[in-house]
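Residue strings, one per chain:
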Amino acid sequence: MAKLTIDDLKKIKEKVHKEMSLRDGDRRVKVTVHMGTCGIASGAKEVMDALLQEIEAAKVNDVVVTSSGCMGLCSREPLVTVEILNQEPIKYEYMNPNKMRQVFKRHILAGEIQTPFVLAKGAEITR
Amino acid sequence: MLELAAHILDITENSIRAGAKLIKIKIDENKEKDILCIEIKDNGTGMTKEEIKKAIDPFYTTKKVRRVGLGLPLLANAAKRADGNLILKSARGKGTKITATFQLSHLDRQPMGNITTTLLVLIAGNSDIDFIYKHRHNDRQFVFDTRQIRKKIDDLPINHPEILRYIRNSIDQGLQKIATQA
Chain R
1 MAKLTIDDLK KIKEKVHKEM SLRDGDRRVK VTVHMGTCGI ASGAKEVMDA LLQEIEAAKV
61 NDVVVTSSGC MGLCSREPLV TVEILNQEPI KYEYMNPNKM RQVFKRHILA GEIQTPFVLA
121 KGAEITR
Chain Y
1 MLELAAHILD ITENSIRAGA KLIKIKIDEN KEKDILCIEI KDNGTGMTKE EIKKAIDPFY
61 TTKKVRRVGL GLPLLANAAK RADGNLILKS ARGKGTKITA TFQLSHLDRQ PMGNITTTLL
121 VLIAGNSDID FIYKHRHNDR QFVFDTRQIR KKIDDLPINH PEILRYIRNS IDQGLQKIAT
181 QA
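Protein chains in written order, with the working numbering: chain R, 1 to 127; chain Y, 1 to 182.
If we strip away everything but chain R, and leave its shape as in the complex, we get (with noise of 0.2 Å):
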């Protein structure tokens, strides 16, 4: 690959800007991996890369992803929570790069819940 420089972003910034005009209703869906001591410990990092190669090659961009802490539930990390607009979010446990890589074809994309891996539907109570 040649070597990139910042003005690169000029460019990346442009093109966006014109597929951006083409299409509307962004943030379809959110997905959140728990970045705890936890979720770190038991590979959450790699699990949230897996994701996030996966929307760049899928060039989606109504998904966004974000990480929260620990939720309580140590023993089933890494955990990933799937919340597609106006639908209850669904929580994903011993979730890995491969597991990932399913949910976000058959479920994110698809809007199949990929059931052998659901930790619980929901939400968490945060204290």
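To be clear, the hints were calculated from the coordinates, so they are not data collected in a lab.
Any given hint could turn out to be false.
[Unchecked claim] PhoX-like, lysine-lysine: derived pairs with alpha carbons at most 20 Å apart:
id	chain 1	residue 1	chain 2	residue 2
1	Y	LYS177	R	LYS18
2	Y	LYS97	R	LYS15
3	Y	LYS97	R	LYS13
4	Y	LYS41	R	LYS3
5	Y	LYS151	R	LYS15
6	R	LYS10	R	LYS59
7	Y	LYS177	R	LYS3
8	Y	LYS151	R	LYS10
9	Y	LYS177	R	LYS11
10	Y	LYS152	R	LYS13
11	Y	LYS49	Y	LYS63
12	Y	LYS151	R	LYS11
13	R	LYS10	Y	LYS89
14	Y	LYS134	Y	LYS80
Take the given structure of chain R and dock chain Y to it, following the hints.
Structure of chain Y alone, referenced to chain R:
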């Protein structure tokens, strides 16, 4: 925790929870002195003297969902095993600075691991926070600053897939150029 990059991610998550808006991560690989130094400095809420004393106790945590806090103890232990140490400096209202040193050639020093994904995960997950990353390898240095990126992309969010792809590639290239070895 098997890699230093994972420790860095974990400690930086502490900074984020402390409300930091600017986080500086500095890595210094010095072959001549045989030292590897990792420094994470934030402008978050900081800690009181009491809290500093308790911070490396694994049974102390500020969270209420569980009774242990292992991030700092794990890093302190990793440093100790590689003949190094962990220094914690903090003041309420000013921020916190964590410095971990290791003997670079020590058999038990954990490998650095993938630092690019650490930074990418931090930037993607916390698009409102600025990160400065400095990596020195003997006499060569690589600097990465999200504020410079922000200046160039105006209203575009920094966690846009295209921008993240640029960030991933430019960090990879930068680290390659200084030929990191840790």
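Comparing the hints with the structure gives:
Taking the CA atoms of Y:LYS177 and R:LYS18, the gap is near 33 Å; set against the 20 Å cutoff, the hint is violated. Annotation: proposed proximity of Y:LYS97 to R:LYS15 is violated, straight-line Cα distance about 39 Å (limit 20 Å). Taking the CA atoms of Y:LYS97 and R:LYS13, the gap is about 35 Å. The hint is violated against a cut of 20 Å. Between Y:LYS41 and R:LYS3, the direct Cα distance comes to roughly 30 Å. Violation of the 20 Å bound is thereby established for this hinted pair.
A distance of roughly 17 Å separates the Cα atoms of Y:LYS151 and R:LYS15; the hinted pair therefore holds under the 20 Å criterion. For the proposed pair R:LYS10 and R:LYS59, the alpha carbon gap of about 19 Å is at most 20 Å, so the pair holds. The straight-line distance between the Cα atoms of Y:LYS177 and R:LYS3 is roughly 11 Å, inside the 20 Å bound, and the hint therefore holds. Of the pairs offered as hints, the one joining Y:LYS151 and R:LYS10 holds, with about 10 Å between alpha carbons and a cut-off of 20 Å not exceeded.
With a CA separation close to 24 Å, the supplied pair Y:LYS177 and R:LYS11 exceeds the 20 Å bound. For the suggested pair Y:LYS152 and R:LYS13, the alpha carbons sit about 8 Å apart, so the restraint of at most 20 Å is met. Proximity of Y:LYS49 to Y:LYS63 is assessed by CA-CA distance (about 18 Å); at most 20 Å being required, the pair is judged to hold. Distance restraint check for Y:LYS151 and R:LYS11: the Cα-Cα separation of roughly 14 Å lies within the 20 Å cut-off, and the hinted pair is therefore satisfied.
Restraint check for R:LYS10 and Y:LYS89: not satisfied, since their Cα atoms lie roughly 39 Å apart, outside the 20 Å limit. Taking the CA atoms of Y:LYS134 and Y:LYS80, the gap is about 23 Å. The hint is violated against a cut of 20 Å.
In this structure, the hints that do not hold are numbers 1, 2, 3, 4, 9, 13 and 14, in rising order.
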